[in-house]
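Sequential numbering from 142 applies to the sequence shown in the working numbering.
Hints in this document: simulated from the structure, not taken from any laboratory.
These numbers were taken from a predicted model, which means no experiment stands behind them.
Don't be surprised by glycine CBs; every beta carbon is placed ideally from N, CA and C.
Incorrect hints may appear among the rest.
Computed Cβ-Cβ distance ranges for the label pairs, DEER-style [what the hints assert, rightly or not]:
#, residue 1, residue 2, range
1, 579, 266, 56 to 66 Å
2, 286, 652, 39 to 49 Å
3, 266, 201, 23 to 33 Å
4, 420, 788, 53 to 63 Å
5, 200, 631, 28 to 38 Å
6, 273, 394, 50 to 60 Å
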Amino acid sequence: MKLSPRFATAAGVLAVGLVTAGTAAAVQASPPLPAPTGVEAANAVAAKSAESFVSSRPSVLQPSTDDAYVQKSLVASGSAKYISYERTWKGLPVVGGDFVVVTDAAGATKYTSVAQTQAIGNLSTTAKISSADAEATASKLLTSLNAVEGTRLVVYTLDGAAKLAYETTVNGTGAEGASRLTVSVDATTGAVLNKRERVMHGTGTGWIVGNVSLNTSLSGSTYSMKDPTYPTVVCQNATGNATFTGSDDVWGNGDGTNRETGCVDALYAAQKELGMLSSWLGRNGFNGSGGGWPIRVGLNDQNAYYDGSQIQIGKNTAGKWISSLDVLGHEVGHGIDDTTPGGISGNGTQEFVGDVFGAATEAFAANANDPADYQVGEEVNLVGSGPIRYMYNPSLAGDDNCYSSSTPGQEVHAAAGPGNHWFYLLAEGTNPTNGQPSSTTCNGSTGLVGIGIQKATKIFYNAMLMKTSSSSYLKYRTWTLTAAKNLYPGSCTEFNAVKNAWTAVSVPAQSGDPTCTGGTTPPPTTTNPPTSNPPTGSCSGQKLLNPGFESGATSWTGTTGSIGQWASQGQAAHGGTYSSWLDGYGTTHTEAIQQSVTIPAGCKATLTAYIHIDSAETTTTVQYDKLTITAGSTTLGTLSNLNKASGYALRTYSLNALAGQTVVIKFSGTEDSSLQTSFVLDDLAVTLSN
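Given only the sequences and the hints, what does the whole structure look like? Please build it.
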C-alpha cells in the first residue's frame, strides 16, 4: 500500500474558542466581559467575521461532514488580522488540517491559507497496530532514547488521501546530538509517514558585545539574570539549570570561556531581539503572548539549539561560548517559527527562517562590536573556518544561491541558501550603497533595489502569520507577496521588490500568487539576450509549476495522493524527497496527474521527465500495464512494464507543434488485474527555446 508521508505540527498563541461541525458553528460559552474598545474591538470584529466565514464551510477549507474547527490564535499586524485554526475529524486531531484566515481591519476576509488539499471523506477510526507498536517504531529512529513523551491517535492528511496514524514524540540522542522527534506512524500498516525534528540546531558568534547594559531582576538584595518584563526569559548555567545571581548587578569577566560571560552576551541579545520584535513587528515576547524560554549556557558541543522548551548554547573549538546576537537571534527565530501558525517551517526553509531573525536582531542592536553584516557566525570562528553562512552569497560557504527542485531535500542548513539570498536581495538589493556587499542573481537581473531590513523582516513575519503545516519555499513566495500587498496597499514598490527577489533566486511563480497594480517600481534589468521573436514573448524558461513535487500536490490535479515521499517504501525520488508514484497495486487500477501549461506562439518547447519503472510482470513481449503521456489530445508517448529498469531514465518529448496553445500535460498509468507495475515520476520540465 502506498502512503503519503508529510507531516508538521500546528501551533497557536491565543485560544479564542470557536468550534464548528456539520453545517453550523457551536461557540463555547464564556462569562460576560466588559465591552471591548479600540484594538480589542477590532480584533473581536475580525474573530467574529472569521467565525462566520468558517461556519459557512467554504470549499477552500476542503470540508467534510465530520470536521470541526477550533480557532487558535488571532494576531494583528498593521491593518491585517491573522486568525489561525486547527481541525478535528470525529474528535481526532487532523495533522495537516490547519489553516489561517486573513481579514482586514473591518473584518472582511482577504485571504485563506489552507494546508489540506482534499476532504477527508470515509476513514476507519480503528487502528490495526497498537500505540506501543508506534512508540517502538519511533524510538528506533534515535540512537539512544531518554523518554517517550506521548502518543496520540490522529488523522494524517497532508498531500493526499487521509490516513489514520499515531503521532509520537520521543527524545534522546540522534545523529546530530540532542534530538526530540515527532513521528507519524500509519496506524494500519505501521509504516513511518514522517518525522519532524523538534531540536533546531544552529551556530554563531559569542563573547563579543563588550560592556553593555542589561535589564535584570532584583529580589531582596539579590540580582538575577532574569528579564523583569518577560520573566520566562532567563539565562542559566546549563549544569543544574540555575539562573545566574549576584549581589552587585555586575556580570561576567570578559573571558569567553566563562559561563556567566556567555550569559551576558545571551541575555543582551535576547533583550535586543525582544525590542526588535516589539518595535518592528508589534509582537509581544518571543512566543507572541509575553513569554519566552530559558537560555542555558554550557552545552558541551560546537552547536546551539532550540527544542521547544529551552535554548542551549554551546562553544567553539577554543571553548568560548557562542551566544552572540546572530546565534541567539537565530535560535529564538526557531521559537518564533514554532509559535506562529503551522509550527516549525518545513521543506528546507526552517534554517533560513532562523537566519532572518538573527540578521534582524543584529541590525536592530546596532552594536559596534557585532555589527549587521548578513553573515552567520562571523565572529566566533566556530571550527576554524570563519562564518558559517553568507546570506548575500551562500556559495561562499558551499551552499546554493539558487532554488531548485533538490533544495527541499538538502541538509537543512545548506537548504537555507536560496532563502537567505532572497532576503538579502529584498533588504539590500544587488548593489547596496550603505557599505553592504553587492550580490548577484540567478537569472542575470541587475539593479534590484532593497527596501531595507526592517520592511523586509516585517513582510516576512506577516507571511509567517499565514503559515500552515505544508510550508515550503514555493508557499513562502505566495505568502510574502500577499503580506506585502496587505501591509502596503497603496504601493506596489514593496510587492515588486518581493517578487523580483524571489524570481532572482529561481523560486518560480505560483498559481496562488497575488498581483499588484498601482504605484510601481521599474522592473530589474537583465543581462540575458533578447528573444528572437519579441512580439510573442520570451522563448526561455521552464513553464511547469512545482515540477519536482517538492510542494506536494500544489499545482497538480488528478490522483494527487500519488504525490509524496516514498523512499521508506523503496521508491526514492530522483531529486529532493518527493515524487509521483502512479499504480503499483497489482490489481486493475488507473491513476493520473496533470497540469495545464501555455506554450507561447513562435516558441519551441520540450517536455522532459525522469521516470522509473519497476514491475512484477515477467513477459518480454506484452504491454500489460501502461503509462501514457499526453499533451491535450496529442499522445506524446507510451511506456509499459516492458520498460522496467533500475533507476530513473530521462524521457524527452517535443511540444513544438503545440506552440500558441494552452494544453494539459497528463501522465496516466493503468494496471491490469494482476502483477504490479509502478510508474514513478520526478523532476519534470516544459522548457522553452527559440
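Hints and how they fare:
1. 579 - 266: 56 to 66 Å: At roughly 58 Å between Cβ atoms, residue 266 and residue 579 fall inside 56 to 66 Å, so the hint holds.
2. 286 - 652: 39 to 49 Å: At 44 Å between Cβs, range holds.
3. 266 - 201: 23 to 33 Å: holds, 26 Å
4. 420 - 788: 53 to 63 Å: holds, 54 Å
5. 200 - 631: 28 to 38 Å: holds, 32 Å
6. 273 - 394: 50 to 60 Å: holds, 52 Å
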